[in-house]
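Here the protein sequences come in this chain order: A and B. Mapped onto our numbering, the consecutive letters of the first sequence carry residue numbers 1 to 436. Mapped onto our numbering, the consecutive letters of the second sequence carry residue numbers 1 to 275.
I should point out that these hints are in silico values taken from the structure, not numbers from a laboratory. Take the hints with a grain of salt, since some may be wrong.
Which stretches of chain A does chain B cover? Using the computed rule of at least three CB atoms under 8 angstroms from a CB of chain B, they are [said to hold, decoys possible]:
| hint | segment |
| --- | --- |
| 1 | 59-66 |
| 2 | 165-179 |
| 3 | 294-304 |
Computed, partial: chain A to chain B, Cβ under 10 angstroms [stated by the list, open to error]:
| hint | residue |
| --- | --- |
| 4 | Gln9 |
| 5 | Arg12 |
| 6 | Leu14 |
| 7 | Pro25 |
| 8 | Asp143 |
| 9 | Thr145 |
| 10 | Thr149 |
| 11 | Arg153 |
| 12 | Arg236 |
| 13 | Asn237 |
| 14 | Trp324 |
| 15 | Ser393 |
A virtual CB, placed ideally from N, CA and C, is assigned to each residue, including glycine.
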Amino acid sequence: MQLKPGAAQLRRRLIAASCALLSTPPARSQENPDPGLVGRFLQAWQFESALAYYHEDGRIQAVEPVVSASHDYGDGGNVSLNFTFDALSGSSPNGALPSHAPQTFTAASAKSFASARRVYTTAPGNLPVDPNFSDGRAAFGADWTLPLTRLSRFTLGGKASIEDDFYSTTVNIAFAHDFNNKNTTVSFGADAEGDIIHPVGKTPVPLSDYAAFSREGDKSKTGAGALFGVTQVMTRNWLTQLNVSVDRFTGYLNDPYKIVTVLAAGGDTAGYEYENRPDSRTRKSAYLENRVGGAHVSADLSLRYMTDSWGIRSQTAQIRMRLWSPSRQHYIEPTTRWYHQSAADFFNPWLAAADAGSTRYISSDPRLATFHALTYGLKYGYDLGDRLHRSNSEFTVRVEYYRQTLEVDKPVPVALQGLDLYPGLKAVFVQFGFSY
Amino acid sequence: MACPCEVLVYGDDRAQALSLGTMAAQEAWRVEHKYSRYRDDSVVAWIHGHRGLKCALDVETASLIDFAHRCFELSDGLFDITSGILRRVWKFDGSDRVPEADAVAALLPSIGFDKLQWEPPLLLLPAGMELDFGGIGKEYAVDRAYELLAAQCNVPFLLNFGGDLRTNRPPPQGPWRIGIERPDAEMTAAMLLDLERGALATSGDSRRFLLKASVRYSHILDPRTGWPVVDAPRSVTVAGSSCTEAGLLATLAMLQGAGARAFLEEQGARHWILQ
């Protein structure tokens, strides 16, 4: 009593037949109007949208709408698409040190070059910032997950992003396999990225004198990375995940808008030079996350360690709790994140004129300095229930406060004493989210 | 439905639980009313009353016939909604009244979906034949009720119509725990399964069988021979995304007799078998 050949296909065909049956409206609900093409599309896809607002203390502000959509095929397959648009504006530190004297620069950021080399002056004691910073970004990403067997799946994805001065494309693949009654998932991933850097006003020659305005053509960089991850269900309420990854970028890794103050022997400003970073960077990182969940409380603790070939070592610890109201209609989610990193080998807040000839790599970008940062966040979520006739729709508001404190312990020349050389950063992030 | 039906709703909203329970019950009654072979005002009775004539079926009934047709083809005739007339000779009451071979053979000419004229939405049921939705009706009712409830609420709920069940999500404390009855000892759970979401359907001969000369005749009849399947497991439980799908797989597995386990493994379906 055997079924006909190709019996293994039977279940899949049966699933298709069941879906066809159940998608037919029962007699009584024929009173319901057809939702129409758009309605059916909206019902078949899950959407998430968010509008984020980012504000750095006295500097950049950004508005970022994000829309993502995903669709499950029901057989474990899934397609997701996302679109992001950024609009940044404000002022950005140019890398030079504060000074007791006024300092005059020419605008070096994206749009400002388009018209002319606009001049701006920084008042004594202030951190030099380019006040004309403005950039826009549009990014699109897509991921397609395909079930290979009942226990394994393959994901192919890609993304592209366009800025005024930066174009980036990435492709990624991943493979995941479940073991141990689906309590263990092992995944491998790899990605490759290619970028073109097209600074407005062309690319400054590394280490060239700022005043000389020496320029080169467009630059590029490429990267490749690999990731290995294990997710383990420890108990019914406890999930743990470990990822290790490595990636390597080569090519133009400088920030084309960053300069370094050159100090004469006594500490007086002698001029400015464009920064230069090594043309390759290899990063290795390990990430451990533990999630525990209960009826009305869940918690998530994650730790990350990263080390790179530039000499940066960073550690991140984050704890996040989610507290539900008794009806599970509302939740709040406090988050605290602590981050510390050591400086890149070539980080230097300024360049001594005497060393200018022998220095190959230098950057005063505070993102490469030794610093620690604390983030405090609070998210509120409201479950919209069945108001939209779908099973999971919610509205969320997230507020985060970020504070970065630089830890540079370099003897300060007399001429610079009394200045706040390393002011750090304070930023506020607000996000409104709506998923349906 | 001739079986206990229950709706479990997680939460502390009594009014909501009551309204969901009522909604599920009404949908179960609607499906039963429409497709029961025991009622003279059902669609099935109407079709039986128009044998030899082409009848235009409503959309829902047409899709059920389409589904039955598909299952008949996929299973090479093992699943057949026209096999219900075998009940005239097979009465699974726990007795030893096994029918005569001739009596069974006499019914075979009136069995076979391929003897129907089915040109959707027109159906012609030849004289002497019967339709029986009993093999899919209960699972279909679960899925229909499920969709109504899922559109109304997002609290975790579990529908259980006599052992065929479906849930939208687990309660916060963890998955639903499902007890599978041991076929020979009523009301004692032989196995406990965890169900997060999706459906479970069970096919078994716990209450319906014949016993003669120490041969147990299960109520699972092969429509092609008219005889019970040999060495069928006592009970087969299958998980699926819908109850209809899981129920069909469980039934087809039973029809494989001793090959039930191999069949389900080949299909890659999550399953639990009691021998």
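Status of the hints after comparison with the structure:
With 0 residues having a Cβ less than 8 angstroms from any Cβ of chain B, the segment 59-66 of chain A misses the three-residue criterion, and the hint is violated. Counting residues of the segment 165-179 of chain A whose beta carbon lies closer than 8 angstroms to any beta carbon of chain B gives 0, which falls short of the minimum of three for the stated coverage. Coverage of the segment 294-304 of chain A by chain B holds in this model, with 3 residues showing a Cβ closer than 8 angstroms to a Cβ of that chain against a need of three. At a threshold of 10 angstroms, the smallest CB-CB gap from glutamine 9 of chain A to chain B is about 9 angstroms, leaving the interface hint in force.
Checking arginine 12 of chain A against chain B: minimum C-beta separation of about 9 angstroms stays under 10 angstroms; hint holds. With 10 angstroms as the threshold, the beta carbon of leucine 14 of chain A comes within range of chain B, its nearest partner Cβ sitting at about 6 angstroms, so the hint holds. Of the supplied interface hints, the one on proline 25 of chain A holds, with its beta-carbon coming within about 7 angstroms of a beta-carbon of chain B, less than 10 angstroms. Nearest Cβ of chain B to the Cβ of aspartate 143 of chain A: about 22 angstroms, over the 10 angstroms cut. The hint is violated.
The closest approach between the C-beta of threonine 145 of chain A and any C-beta of chain B is roughly 17 angstroms, which is over the 10 angstroms cut-off, so the hint fails. Interface hint status for threonine 149 of chain A: upheld, as the beta-carbon distance to the closest one in chain B is roughly 7 angstroms, under 10 angstroms. Given hint, arginine 153 of chain A at the interface with chain B, is violated; its Cβ is 14 angstroms from that chain's nearest Cβ, farther than 10 angstroms. Satisfaction of the interface hint for arginine 236 of chain A is found here, the shortest Cβ-Cβ separation to chain B being roughly 5 angstroms, below the 10 angstroms cut-off.
Taken as an interface hint, asparagine 237 of chain A checks out: its beta carbon lies about 7 angstroms from the nearest beta carbon of chain B, inside 10 angstroms. The interface hint given for tryptophan 324 of chain A is met, as the beta carbon of that residue sits about 8 angstroms from the closest beta carbon of chain B, less than 10 angstroms. Because the smallest distance between the Cβ of serine 393 of chain A and any Cβ of chain B comes to about 8 angstroms, under 10 angstroms, the interface hint for this residue holds.
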